[in-house]
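Residue numbers (this note's numbering), protein chains in the order written: chain A, 3 to 301; chain W, 3 to 301.
In short, the hints are calculated from the structure, not lab data. Any given hint could turn out to be false.
One copy or any two copies: either way a pair holds, since identical chains are not told apart in the list.
Unchecked claim - With a straight-line cut-off of 25 Å between C-alpha atoms, the simulated SDA-like cross-links for lysine to any residue are: (1) K94 <-> V186; (2) K187 <-> F292; (3) K107 <-> T183; (4) K204 <-> L225; (5) K97 <-> K198; (6) K94 <-> G174; (7) K118 <-> E25; (8) K155 <-> K255; (9) K296 <-> E254; (10) K259 <-> E294; (11) K250 <-> E87; (12) K194 <-> E226; (13) K259 <-> L225; (14) K118 <-> M3; (15) K187 <-> K296.
Treat the numbers as computed from the prediction; the structure is a model and nothing was measured.
Number of protein chains: 2
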Amino acid sequence: MADPIIIGTVALDSIETPFGKVENALGGSASYASFSASFFSKPGILSIIGRDFPEDHMNFFKEKGIDTKGIIVGDKTFRWQGYYEFDMNEAKTLKTELNVLETYKVEIPEEYRNAKYVFLGNIDPERQIQVIDSLKNPELIVMDTMNLWIDIKKDQVIEAIKKIDVLILNDGEARQLFETTNLVKAAKDALKLVSKAVIIKKGEHGALLFTTDRHFSAPGYPLENVKDPTGCGDTFGGGFTGYLEKTKDISEKNMRKAIIYGSALASFNAEGFGMDRLKEVTKKDIEERFEEFKKLREF
Amino acid sequence: MADPIIIGTVALDSIETPFGKVENALGGSASYASFSASFFSKPGILSIIGRDFPEDHMNFFKEKGIDTKGIIVGDKTFRWQGYYEFDMNEAKTLKTELNVLETYKVEIPEEYRNAKYVFLGNIDPERQIQVIDSLKNPELIVMDTMNLWIDIKKDQVIEAIKKIDVLILNDGEARQLFETTNLVKAAKDALKLVSKAVIIKKGEHGALLFTTDRHFSAPGYPLENVKDPTGCGDTFGGGFTGYLEKTKDISEKNMRKAIIYGSALASFNAEGFGMDRLKEVTKKDIEERFEEFKKLREF
């Protein structure tokens with residue numbers, strides 16, 4: 003049975019950075035998150051594509067053991083075109099064609115309703131809520147979002163957050179959503195809404211895990227050559243959730259490990275265009291990078 | 003004998019933040035750094051004050067076992083007036099009165115020339131060079147600087163860096179000095195100039211230590227209430243150098259510990275106005291915070 007279930011976008015991305023470009027590459031939050039989770043688990047995707055979606059990409063999901071029963075087919079696939087300038091910190095959008103996403107209604111295969119682990123990738127919060135409400139007896143619901151939804155659907159974002167266990171935000175989103183520059187304050191506010199934990203992603207500076215009585219600071223991996231950061235946040239969230247599903251242990255202690263695995267996968271992802279680098283990565287590479295993370299925080 | 007020797011400014015600071023204000027408080031890079039170092043060592047200050055410098059402040063140095071033989075007296079003390087807005091990230095300068103600093107010529111007491119440990123706090127790089135050149139047989143020279151000197155005396159900053167062992171920069175300064183947004187690249191460039199190590203301070207995101215073959219990522223301490231960050235960088239550098247002097251061990255492994263001690267002291271410093279909070283801190287508090295740093299990075 004597919005587990006974790008991952009909702010999000012499946013996209014065709016055209017990206018340019020100072021180090022190269024790629025056109026119509028497989029992208030979207032559900033694609034990155036499920037690929038990342040597939041290193042540990044057998045994820046299933048909830049999303050929508052168009053009839054123009056290349057069969058190669060669909061085959062890729064299947065090769066990785068990703069269940070695609072929850073991907074419905076509409077007219078034209080969601081497309082995103084963007085670029086990064088030298089600082090590589092912020093994606094600048096050139097063009098967004100929502101296409102099938104505009105009218106997407108989530109159709110949840112019956113067996114997905116039994117999933118124990120769920121990653122709500124970046125997508126309209128109303129669709130995230132629809133997924134939550136359809137689950138029979140979930141063990142852990144992890145949710146990601148983005149500044150766009152905080153801008154235009156803040157109430158629905160908050161409504162979703164109240165129904166989940168672990169919230170993942172980046173630092174800018176945390177400051178925006180809880181209207182404070184202090185990340186500790188933002189995390190404390192978020193902890194009043196979720197049942198278990200808040201994770202704040204800080205890009206090159208690593209990630210923070212907050213639970214009611216503990217705090218974990220995960221280091222950033224020192225990357226000298228970032229080629230394309232697209233999908234790093236989704237890769238992090240998918241890897242985090244996939245590792246927790248694999249180990250069936252949602253203790254704070256194990257979440258710390260899951261964060262390091264998510265960070266390791268995201269660091270690989272940034273080293274290549276689109277999913278190029280992640281496609282070469284082996285389980286051994288991941289374990290080695292996990293060990294590197296240990297060494298870089300020892301004192 | 004005084005060791006480490008610390009050069010830098012001794013100032014009267016007037017600071018306003020959203021949480022309060024203070025006037026003519028003891029400030030300056032040498033004051034913060036030597037106070038911080040005094041938790042571990044018997045530092046000596048090289049600096050200049052004016053005849054208007056309050057005797058209380060001078061007594062404070064003495065109480066803390068800080069040697070003041072290297073402080074000369076001119077006409078009017080250096081004064082800085084600044085404020086912080088809500089994000090507390092950047093000091094905005096309202097007024098700088100250089101006063102005695104304008105014509106300061108370093109006078110080095112003969113016994114200071116035997117010091118084994120040196121912290122070159124933020125001050126004109128030509129004065130930092132003068133100190134380096136007067137040392138007989140130093141074990142470790144640690145240097146801090148600021149964006150102002152990189153702006154107006156970059157050649158001298160580079161000249162100083164070539165003579166030292168450990169360079170401390172904040173992330174913005176590292177990017178500026180080495181003309182790259184990537185901190186790993188900046189650190190690699192810096193390592194070509196110094197003999198031992200580069201430390202990049204990242205404020206709330208912690209600090210990075212780079213040596214030729216190793217990398218250490220120190221977590222930031224999660225502070226919910228930052229009252230006044232003035233002097234945190236100097237406190238970090240002084241604590242780092244003081245701990246190394248105390249332990250007489252300049253291995254990479256011990257530098258990691260020294261960074262955590264420096265970070266612990268800086269985190270206390272940010273919790274109060276001027277030096278108020280640091281004045282209450284005991285050695286036990288520091289050890290407890292050191293242990294907290296351990297817990298927040300375990301996985």
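The hints, checked one at a time:
1. Taking the shortest Cα distances, K94 and V186 sit within 25 Å of each other only across copies (24 Å), while inside one copy they are farther apart (28 Å).
2. Taking the shortest Cα distances, K187 and F292 sit within 25 Å of each other only across copies (22 Å), while inside one copy they are farther apart (29 Å).
3. In this assembly of identical chains, the alpha carbons of K107 and T183 never lie at most 25 Å apart, being 36 Å within a copy and 42 Å across copies at closest.
4. Proximity of K204 to L225 under the C-alpha cut-off of 25 Å is found in both arrangements, the shortest distances being 14 Å within a copy and 16 Å between copies.
5. In this homomeric assembly, K97 and K198 never come within 25 Å of each other (Cα to Cα): the closest approach is 37 Å inside a single copy and 48 Å across copies.
6. For the identical chains of this complex, K94 and G174 are neighbours both inside a copy (15 Å) and across copies (22 Å), given an alpha-carbon limit of 25 Å.
7. Taking CA atoms no more than 25 Å apart as the test, K118 paired with E25 passes in neither setting, with 36 Å inside one copy and 59 Å between copies.
8. Taking the closest pair of Cα atoms, K155 and K255 never come within 25 Å of each other, the shortest separation being 33 Å inside a single copy and 49 Å across copies.
9. For the homomeric pair K296 and E254, the shortest alpha-carbon distances inside one copy (17 Å) and between copies (16 Å) are both at most 25 Å.
10. When the C-alpha separation of K259 and E294 is checked against a cutoff of 25 Å, the pair qualifies both within a copy, at 13 Å, and between copies, at 19 Å.
11. For a Cα distance limit of 25 Å, the shortest separation of K250 from E87 qualifies neither inside one copy, at 40 Å, nor across copies, at 45 Å.
12. In this assembly of identical chains, K194 and E226 lie within 25 Å of each other by CA distance solely across copies; the values are 16 Å between and 38 Å within a copy.
13. For a Cα distance limit of 25 Å, the shortest separation of K259 from L225 qualifies both inside one copy, at 20 Å, and across copies, at 23 Å.
14. Taking CA atoms no more than 25 Å apart as the test, K118 paired with M3 passes inside one copy only; the shortest distance there is 10 Å, against 66 Å between copies.
15. Taking CA atoms no more than 25 Å apart as the test, K187 paired with K296 passes between copies only; the shortest distance there is 22 Å, against 28 Å inside one copy.
Hints 3, 5, 7, 8, 11, counting from the list given before, are not met by this structure.
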